[in-house]
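Novice: As a plain string of letters, each chain reads:
There are 2 protein chains.
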Amino acid sequence: MANAFYAQSGGVTAVINASASGVITTAREYASQIDKVLVGRNGIIGALQEELFDTSTMTDADVAALKYTPGGAFGSCRYKLKSIEQNLAEYQRLLAVFKAHDIHYFFYNGGGDSQDTANKLAQFALAQDYPLTCIGIPKTVDNDLPLTDTCPGFGSVAKYVAVSIREAGLDVASMAESSTKVFIMEVMGRHAGWIAAAAGLASTHAGQPPHLILLPEVLFNEAAFLSAVKDCVARFGYCTVVVSEGLRNTEGQFLSETGLKDAFGHAQLGGVAPVLADLVKTQLGFKYHWAVADYLQRAARHIASAVDVEQAFAVGKAAVEFALAGKNAVLPIIVREQDEPYRWHIGEAKLADVANVEKPLPAEYIRADGFGITEACKRYLAPLIQGEAYPPYEQGLPCYLTLDLPLVAKKLEGWEKK
Amino acid sequence: MANAFYAQSGGVTAVINASASGVITTAREYASQIDKVLVGRNGIIGALQEELFDTSTMTDADVAALKYTPGGAFGSCRYKLKSIEQNLAEYQRLLAVFKAHDIHYFFYNGGGDSQDTANKLAQFALAQDYPLTCIGIPKTVDNDLPLTDTCPGFGSVAKYVAVSIREAGLDVASMAESSTKVFIMEVMGRHAGWIAAAAGLASTHAGQPPHLILLPEVLFNEAAFLSAVKDCVARFGYCTVVVSEGLRNTEGQFLSETGLKDAFGHAQLGGVAPVLADLVKTQLGFKYHWAVADYLQRAARHIASAVDVEQAFAVGKAAVEFALAGKNAVLPIIVREQDEPYRWHIGEAKLADVANVEKPLPAEYIRADGFGITEACKRYLAPLIQGEAYPPYEQGLPCYLTLDLPLVAKKLEGWEKK
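If you read the protein sequences in the order shown, they are chains A and B. If you count by the numbering used here, then the first sequence holds residues 43 to 460, one letter each, in order. If you count by the numbering used here, then the second sequence holds residues 43 to 460, one letter each, in order.
Chain A with its partners taken away, still in its complex shape:
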């Protein structure tokens, strides 16, 4: 009998709690092998600071409610462990906390950086002869992990952006003759254009929004963009544009660079939409509007994809099953069997193979003019937004779970990040 540790890492999603629900539900089914699932308060920082929630105090109804609650119910963090050489103390501290709390299963729910951390920790525990099974659980709205067909979290953002541009497109079309002619919607995607590409699902025939998609994979060509906008307005009376926050110019600079960097050293972005709007106004003279979806898109559990919710739960469940089957340093992935009807099953990949590898949109998914997606891309994306998985409502608002779990009593001395 041993305890398990679970933590959420990096940017949260509309369905990361569904993975938590998969882990906890499944662990409860194997109660003879896993005693308690302890969860890090604010992710791995909770393990370092010995701030652990005991999920055994959660009712089954609460565990089920995680499945429809967006955000990170236990808290997440942007905190990347350095290499073992650079910060041995952190790895030692993790094992000390795990030992003190009888933790021998480590489930880490995150993106490429987090899978790298899980992998390093697996190696370290092995070297230290501490029995620790390390299993990753994929998560990222950016859909940029290799090997897996998709990353839980992405399908729901994809659905949100496709629904939003379809709706806003109808609005703009109604008014274009006498009012706004160009509408620009900025979506997430720092290095990979999967989210912006997904907006393309809203367009089922020529002329239907979105008319132009600007991807980080295609360097921004101002003249070509302005010409495409002008042509679109001439042809259809209006133009809707979806732009990835990570759009870069020919010098490789982000069109909208704030200069701030996050804890991982990534530039913090936001605000490429107003930059494009300014161009449209000054160069073409069209009336414009712009929107920046920002967190609304990745938190939008009210319009989550049913497929995404199901896959998020499934990878959580599989992670526990992998651990109990004696696997280590691996993560469950989604394996596509066929496009339509979509069939998939859970496969397995090594943490080492997904760690720190980013998967951009392949060239064959990008339209020849660089301003849209191909039919192949649509065939890939379409299954991921299928089905609605509405949360319950009370008084007209989604009724999301808020946890108020007590922390497990500390057994060690305090610890401070360096």
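For the record, the hints were derived by calculation from the structure and aren't laboratory data. It is possible that some hints are incorrect.
What the hints assert, rightly or not - Chain B stretches covered by chain A per the calculated footprint, using a threshold of three residues with CB under 8 Å from any CB of chain A:
id: 1; stretch: 49–58
id: 2; stretch: 103–115
id: 3; stretch: 172–184
id: 4; stretch: 326–334
id: 5; stretch: 371–381
id: 6; stretch: 419–429
If you're wondering where the values come from, they're calculated on a predicted model, not measured in any experiment. Each residue gets a CB set at the ideal place from its N, CA and C atoms; glycine is no exception.
Based on the hints, put chain B in the right spot on chain A.
Specialist: Structure of chain B alone, referenced to chain A:
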């Protein structure tokens, strides 16, 4: 037997087509009195240019589908008729087109400006001895019409912003310890703060998002705002802010116009959210994110309020019934009977009494510190977002109606706007 004319006016909403559905459905029920409902292409401009859609070619299923399709299915416009003295020719032209097409009922679906136009036209037709019944149909996301309990279109935006800030708030709360501490969501409302106020419904206890609401009714006090943000972060670990696009400083300028300047010193066209974010960053040093919902909020039929959809249909239906009952120069309004459970019925107001009158948030709906709403405001707002009225989905996306109606053959010479 006579024909009816219907037009959509001004900014469209998630439910203005539900009012169109109410008009057409009801007119079909009185087929012995109303022959055809002709609709202006792009609103009143369609009447002036004699571009009229014949809705009798629409199937009943299409008319029903209008009830769940956002935007303006026939096109709308921002075009206000001048006074009769200033532009007599326009009024003469409208009557000429109506006479040519046997139109004796005029239904105008819009805000305060549009009700003013409908009223002027009623007077002019009377003076010209042309039998024309003019009935307004209320619509505006801003909820700023007087007399009516609410304006169809508002309840759905209200629901969208409350759902969005609840979801984004969960996201920010998850990450605040190591990442974003302040999140700012900009919503519509140039002169009245009803939309921003509605976000307050998401907060059912102290500390729940949104923490601060900035209304156009309260002049922006930078020091008080920064102090409130700082206190909120100290108390809850993070701060979520909902701001009305129409927020003004103590000199009466829109904050959105005081923002960043480009290389030539021109104001960058932006929203108020990035201006506040910049303040938070430079004055308090907190990591921030911001979103601008823009058209997404007023087009978001996928999360429409069932009450709003029902009321939008009801005012369309009532408009036809008023006309057939011999009323003129009036509009149906929503009359509240009680808050909970919400009970309402259709009442009647004179166009002259709603024309060009804006209803701001009353003082008793604004919290003493100016950064939130009162319980009285919540009691007013809560009923308006009740119920979900999901559209049908196909392939993971809402299946909205797109019309391709033929225009009625012109009978008059062409006409050009002056």
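Novice: Verify the coverage statement for the stretch 419–429 of chain B against chain A, using a C-beta to C-beta distance below 8 Å and requiring 3 or more qualifying residues.
Specialist: holds (count 4)
Novice: Taking a Cβ-to-Cβ distance below 8 Å as contact, does the stretch 326–334 of chain B have at least three residues touching chain A?
Specialist: holds (count 5)
Novice: Confirm or reject the coverage of the stretch 103–115 of chain B by chain A under the rule of 3 or more residues with a beta carbon closer than 8 Å to the chain's beta carbons.
Specialist: holds (count 5)
Novice: With a Cβ-Cβ cutoff of 8 Å, does the stretch 172–184 of chain B contain at least three residues near chain A?
Specialist: Coverage by chain A is violated here, the residue count being 0 at a Cβ distance below 8 Å.
Novice: Mind checking, does the stretch 371–381 of chain B have 3 or more residues with a CB under 8 Å from chain A?
Specialist: Check failed, 0 qualifying residues.
Novice: Count residues of the stretch 49–58 of chain B with a Cβ under 8 Å from any Cβ of chain A, then say if the count reaches three.
Specialist: holds (count 4)
Hint compliance for this structure: hints 3, 5 are not met, and every other hint is.
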